[in-house]
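Engineer: Sequence:
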Amino acid sequence: MALLLAEEDLVTPDAAEAFQTSLFARIDGPAPLLNCYALGFPQVTRYDGQKLDTEQFVGTIKPGSGRMRDEYVVEGGGTPPAAREDGESPWAGMSGAPLFSGRHLIGVVTKDLSGWQHSRLTALPLERLPELPDFVGICSAYLGNPLRLATLRQTPDHSASFEDRYRAYVTETFGELSIFGLDFSRSEHAQWPLDSAYLSLELVHGEGGEGAPPERGRAESALRDRQRVLLRGAAGSGKTTLVQWLAVNAARDSFPDQLTHLGGRIPVVLPLRTLVRGAALPAPGDFLSAAGHPLSPPAGWMEAVLTEGRGLLLVDGVDEMPEADRARTKEWLVKLLAAYPHTAVVVTTRPTAVDDKWLSRKEFTEFQLLPMNRRDVTAFVHRWHTTARSITRRDSERIELDAYEQQLLSTLPRKQDLARLATNPLMCAMICALHRDRRGFLPDNRMKLYGAALTMLLVRRDHERAIGAPEGLTLSEEAQRKILQEIAYWMIRNEIAEAEQRDVVGLISRLLPAMPQVANPEDAPQVFRFLLHRSGVLRAPTARTVDFIHRTFLDYLGARAAVEAQDINMIAAHAHEPQWEDIVRMAVGHARDTERAALLTKLVALGDAVSETSQNIMARIHLLAAASLEHATSLDPAVRTEVERRAAALIPPKNEEEANRLADAGPLVLDLLPGPEGLSDVEAAAVVRTAQLIGGDHALQVLREYASHPAHGVRVELIYSWASFPTTTFAELVLARVATTGLTIAVHSAEQLAALHLMGSAPDVTFNGDLSPEGMAGAVRAVGAHKVSVFDNNRLRNLNAFAGSGTRLTDLTLVSCPGINDYSGVADLGLKKLSLHGVRASRELPGFGAVKTLRSLTLSVLGGSEEPGTLPLPDGLPSIPAVTRLQLVVRIDGDTDAGRLRALFPNLRQLVLHLESDEPVTVDLSALTWVHQVRVTVTGDAVRVTGDESISVRRHTPAKDPS
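Under my numbering, residue 1022 is the last one in the sequence shown; the count climbs by one each step, no gaps.
FYI, nobody ran anything at the bench for these hints, they're computed from the structure. Any given hint could be a false lead.
The list that follows gives simulated cross-link-like pairs (lysine-lysine, PhoX-like), each with its CA atoms no further than 25 Å apart [stated by the list, open to error]: (1) Lys-474 - Lys-421; (2) Lys-892 - Lys-846; (3) Lys-416 - Lys-389; (4) Lys-394 - Lys-421; (5) Lys-421 - Lys-389; (6) Lys-416 - Lys-474; (7) Lys-507 - Lys-416; (8) Lys-110 - Lys-170; (9) Lys-394 - Lys-416; (10) Lys-892 - Lys-911; (11) Lys-891 - Lys-911; (12) Lys-121 - Lys-170; (13) Lys-416 - Lys-121; (14) Lys-507 - Lys-541.
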């Protein structure tokens, strides 16, 4: 195998632009793969004195053949060429030909398989190329990233052309984002390519084990290897945007390296607010039509996709359906996954719309979308203004946008009320648009921000577009607001987020008799079209339905209508329902003084009346009242006192759940949070979490009070808070005073890497992402770390940066660092413990032979062994007599020669084996009786372990849903 590098371009730039993106894949499963093809220059096609000509060999890959040799066997579909008189193969010259399945390169032809009358060719699977010496390093150096393989399974021949059309449709349909307020002069400017506009946000999985902080990372890293995900996020937090990003990358098969497990899948976006209009949620064959997608698939196509494990279902908006329908949605999803267990699923919802662990029994991992931190906000503001500049026609406007961008980036850190609003993409886009529209002057609270945004949409939009009255009428801002309010309130009362257009037209016709200056009742269709096409607040997801551009506007307008209808009791009666929280808060803002006092008094009374068995509901109502105070411009002091007294009874929070609820009340809570004196360790940790979730300079001052707290849980929360505050400031004011003993310090960015030295001491450090090897080594020396972990780093080629500076480590872990091609530096680090995760079987570990001091070694090996019946270990693994503890994580396909470990690790005292297999196998470990302690963990039921009775075997079986 050769990787050729041309010294100059082989094609013109114009020709290169026409090339499609290179796609690489591996084959999974035993089903034959039809219509694969190789293109080469075999001997049989040569003419006129051995002149070359091409031949396209078309055939079927039979994954069950050639497994012992780890090769693909391709059986030709036509008559094979005749044998040559000289005994040579007529296919001579075909070796090295690329083997494709559709657009995916899956292997390289190697030889004509003897004994089959020249009807079969063998090929080296592409997944074996990374095993070749230096291949990954060369790929990274010249291609920019390691080889990334999608997974292919059997595709019915009649469906291939439809899948190409469907993938193109998904890419075009979901490949653009609506960027709020970008430009009203031309409607197409409200859309922007997803590749340019998408901002990867952070997710958190709240189940950190044994005192460890919750798992946290950017979406791409957090979702690694996750097949079933429930994603929670507040309104405007980016849930639907992430769904679009997943759909488009699945359609294009362009996922980053962390998400290769989703490669090759067929994405299906299922907005629940659209699906729920039917009497029953759809079966797979009706997915596309029920979701409003216009393509008609071949019969049985969707069922086949799901059966083969090639589906990616993106179920968006559990919170946007009536609460009564959520139980049947869960039942529908559970049955769907029981029928198609290999389907990947992402479900989105607002945080409190469904119970904790709503789908955990079906092996769903729950993630929460975190608020944008200051780095995210800066990136978003820059991206918004860059996009605006790119579609602006006049140089003078581009110069103005430069000034607005710098002014806004300077203003946000200084105006805490404003900065607190800019924590999700929707609000950030609103702020950018209003800042530009108002020439640098911004509202200072959420209610004013929404009101100003609506004015900009309802009044400025057509004015800037110089549009007269294409619908035959014009509506004032007041008239538009009135009708939109009534539509919103009607949808809220009926618990729908998407309505039939005919129903909305009917509602408008009933409103118009009271608005004769607007139009006659029979003109309701015209009024509806005007609102749909001109207001900028409504949109048509399908030809028959309508919804608001964002739930935030639905809540804002509906709350105003409820207040104007004097439905104070109705608003209060729904205060315990999560989907009414924003409506209640906005109703307090819309209300007049007497109405506001009446509503808050009612909330206090309702919370007080809740029984002791429903303390969570009581706390939610009282905290909702407290959170609403930020919108109470004026309020009877006695009412305010009663609300604050109820909130004070909930402070300090007693645990993480209470901290999360308390933070929803906003900055007013910061004034009520106590100092660390007199609190239990658990309460102190909950106070820190509350302040971290609220954020801002005031919160930073609260965290300073806790910086010297000795409790482990408090210190974990402080470390975890780093990304939520300015990197250097937080390190100087808080982290520099935190005792780091027993803590793992996680570094996720170049800014954190540069600021790490401010902590003074950090014995245990984890580096995440493509950070500079030299920077990591310098930081390790600066903080005196002796335990280091490196995750997902494609820049690391060797350990020389660490070893060359005299750094001494006792414990090193490397996870998914595919570019390392030299391990000789390990010998100079003085390591006692080394863990390598993601190394490939049958690939050498160059320089590993120099290791002498190692006492503990962990190897997590990818792929199986080339030789049946052997442990899959890195090729040429040297004997390391110093190792006394060995942990192996391997996938096996038969019995293993476990006895060979004695030659490699003659002084082994403890062995931990983690075994997995796709096929039923029996493993005899009787040859390990010489090891003092052997523990075996088996995943699933396929592996049966026999041997000495002293061997401890623990079987891990995925939890089953008892229902």
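Engineer: Are the hints correct? Go through all of them and say.
Structural biologist: Tested hints:
{"no.": "1", "hint": "Lys-474 - Lys-421", "result": "violated (45 Å)"}
{"no.": "2", "hint": "Lys-892 - Lys-846", "result": "holds (9 Å)"}
{"no.": "3", "hint": "Lys-416 - Lys-389", "result": "holds (12 Å)"}
{"no.": "4", "hint": "Lys-394 - Lys-421", "result": "holds (10 Å)"}
{"no.": "5", "hint": "Lys-421 - Lys-389", "result": "holds (10 Å)"}
{"no.": "6", "hint": "Lys-416 - Lys-474", "result": "violated (37 Å)"}
{"no.": "7", "hint": "Lys-507 - Lys-416", "result": "violated (36 Å)"}
{"no.": "8", "hint": "Lys-110 - Lys-170", "result": "holds (21 Å)"}
{"no.": "9", "hint": "Lys-394 - Lys-416", "result": "holds (18 Å)"}
{"no.": "10", "hint": "Lys-892 - Lys-911", "result": "holds (12 Å)"}
{"no.": "11", "hint": "Lys-891 - Lys-911", "result": "holds (10 Å)"}
{"no.": "12", "hint": "Lys-121 - Lys-170", "result": "holds (16 Å)"}
{"no.": "13", "hint": "Lys-416 - Lys-121", "result": "violated (42 Å)"}
{"no.": "14", "hint": "Lys-507 - Lys-541", "result": "holds (18 Å)"}
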